[in-house]
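**Q** Sequence:
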Amino acid sequence: MTVAASGRRTGTGTLEWWYRWLLGAYPRSYRKGHGDELVATLLATAEPGRAVPSARESLALVLGGLRTRMIGTTEPAVPRSERRRRPDEQPSRVT
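This note's numbering puts the first residue of the sequence shown at -18, with every later residue one more than the last.
If you're looking for bench data, these hints aren't it; they were derived computationally from the structure.
These numbers come from a predicted model, not from an experiment.
C-beta atoms are modelled at their ideal positions from N, C-alpha and C, and glycine is treated no differently.
You may find that some hints are simply not true.
FRET-style restraints, in silico, Cβ to Cβ [unchecked claim]: (1) Met51 x Gly30: 22 to 28 Å; (2) Ala25 x Gly5: 16 to 22 Å; (3) Arg31 x Met51: 28 to 34 Å; (4) Gly30 x Pro8: 30 to 36 Å; (5) Gly53 x Ala32: 31 to 37 Å; (6) Val33 x Gly53: 28 to 34 Å; (7) Trp2 x Ala25: 26 to 32 Å; (8) Trp(-2) x Gly45: 14 to 20 Å; (9) Pro29 x Arg9: 27 to 33 Å; (10) Ile52 x Gly(-6): 30 to 36 Å.
Based on the sequences and whatever the hints tell you, model everything.
**A** Printed below as a string of structure tokens:
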């Protein structure tokens, strides 16, 4: 990514910058646990040559972040394999 004389970002990092900025709607702890994965997925599924997210995609990211804040998901991400089970809970079996 480079910064042009006008101060605008140019190059491949522009879209990543926008995604990271939009993910600011999510709680910090959520971004810390999932941010890099979310950005990687968004970049992998973006249309080739796109420099900014679409309005629909931007709205979805902001609403998702606000919804996450509202439901109180502020705990750091813990992989399923590392979660504690309740004493009465049986381990799940994959067949």
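**Q** Which numbered hints does this structure break?
**A** 1, 7
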